[in-house]
Amino acid sequence: MPDTEFKPLDGIRVVEMSHMIMGPACGMFLGLLGAEVIKVEPPGGDKTRYLQGMGRPMHPLFNRGKKSVCLDLKTDAGRQVLHRLLETADVLVENFRDSALPGMGLDPQGLRTRYPRLILSGCKGFLEGPYQHRTALDEVVQMMTGLAYMTGPPGQPLRVGSSANDIMGGLFGAFAVLAALLERQQTGQGRTIRVGLFENCLLLVAQHMVQFELDGTNPPPMPARDFSWPVYDVFDTGSDRQLFIGAVTDGQWHTITGLLGLEHLRDDPRLQGREAQIAARDWTIPLFAEAVARRTADELIAMFEAHGIPFSTIARPGDMFDDPHVLRPGGLATSHMPDGQAFRAPALPFRVDDLDPAPAGDIATVGQDTEAVLGGLGLTGEEIAASSGRAGAAA
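Residue numbering for the sequence shown follows numbering that gives the first Met the number 0, starting at 0 and increasing by one per position.
Since the hints were derived computationally from the structure, they do not count as laboratory data. Yeah, the Cβ is synthetic: ideal placement off N, Cα and C, and Gly gets one too. Hints should not be assumed to be uniformly reliable.
[What the hints assert, rightly or not] Estimated spans, in silico, between C-beta atoms of each pair: (1) E212 <-> G250: 29 to 39 Å; (2) G260 <-> K6: 46 to 56 Å; (3) A223 <-> D355: 39 to 49 Å; (4) Q51 <-> S227: 35 to 45 Å; (5) P285 <-> M319: 24 to 34 Å; (6) E138 <-> Q51: 40 to 50 Å; (7) D235 <-> D281: 10 to 20 Å; (8) P285 <-> A223: 38 to 48 Å; (9) A292 <-> H263: 10 to 20 Å; (10) D338 <-> A305: 41 to 51 Å; (11) M142 <-> V351: 31 to 41 Å; (12) R327 <-> L202: 22 to 32 Å; (13) M319 <-> D235: 15 to 25 Å; (14) T112 <-> V351: 31 to 41 Å.
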């Protein structure tokens, strides 16, 4: 029977010990590629489960399809069983402070010796260096690296509107794990991987760092930037909607001026060449704004799409559930909460051949798979109860 899903990590066992976003995102990406991901939680469950408001989606979104095993790592029994589990694992994903790992029996050097084939993926705030023991958050590293400076208007540093660093940091963790798995096929040896949230953010601002390196000046924040394109702006349309519109090539400039009835700009001696068009933005953009305001958003959308002009409506996250491209087959994956409530979320943003994306999976209840997973290791009911913090439950 031919394959119908892309699951290259089928047969790989990942033990994940993490919370919030970066570590769980690493585990989620590996799980979406077919790995068995076993999330080890304390007896009361990952605290991220109980966040509300903007924190409420964090646990369900980044823990889709994972198994949940409860272990009380404050006890000898819990730590011993964790090592029984690691004996069967290919990958360990964790995001604890360095200082906390030895007390849990997870000292990286000790694990390296005890499990030479195990791949350790540590999702940390910083790589080794002067900052490695600092507490990091997505917003902290955005402020530290200049990303917040580049995002907000002058004097008003502003974080980007998602947990971009945490998610991308988890992606780099999974990326490094894939590379280590490939290498292990040749060497038989695992690797110790450390992913830094700060260094991830540094990569996001690398283009601005290199501009400084080459030109010797700090670029201004994006809202006050020197534009590189003749048209690259948000405009009010004749209906109650805004559009972002861009014209970044000579062909697009020629096309958009014709579509908007501004053909006279093509022959204007002040606008010959892109540099001249950019330099004239102070008086040309108001002309474009007037022309756009005379047409409805729907009219402009149809016109721009037909002629290859870059454009976008100004969407909110909830609008994505009405977007026809998002709603195409495979665009969203449905998962179920422990109480049965369903939610839809994006699948992986790529397609392999014509295979269907693997199901994202549902959200396990706290410790839902404890008996099944630990029983598979040969533990008795009493041993499972003692190690999971439910001593007496098997009586």
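A quick look at each hint next to the structure:
At about 32 Å, the CB distance of E212 to G250 agrees with the hint of 29 to 39 Å. For the hinted restraint 46 to 56 Å between G260 and K6, the CB-CB distance of approximately 54 Å keeps it satisfied. Taking 39 to 49 Å as the suggested C-beta distance range, the pair A223 and D355 conforms, at roughly 45 Å. For Q51 and S227, the Cβ-Cβ distance of about 42 Å falls inside the hinted range of 35 to 45 Å, so the restraint holds.
Take P285 and M319: their Cβ atoms lie about 32 Å apart, and the range 24 to 34 Å holds. For the hinted restraint 40 to 50 Å between E138 and Q51, the CB-CB distance of approximately 19 Å leaves it violated. The hinted window of 10 to 20 Å between D235 and D281 holds, with their beta carbons roughly 18 Å apart. About 18 Å separates the C-beta atoms of P285 and A223, a value inconsistent with the hinted range of 38 to 48 Å.
Between A292 and H263 the beta carbons are some 18 Å apart, a value that agrees with the proposed interval 10 to 20 Å. The beta-carbon spacing between D338 and A305, approximately 46 Å, falls within the hinted interval of 41 to 51 Å. In this structure, M142 and V351 meet the distance hint of 31 to 41 Å, their C-beta atoms being roughly 38 Å apart. Between R327 and L202 the Cβ separation comes to about 31 Å, which falls inside the hinted range of 22 to 32 Å.
Separated by about 23 Å at the C-beta atoms, M319 and D235 satisfy the suggested range of 15 to 25 Å. Between T112 and V351 the beta carbon distance is about 37 Å. The supplied range of 31 to 41 Å therefore holds.
Of the hints listed earlier, those the structure fails to meet are numbers 6 and 8, in rising order.
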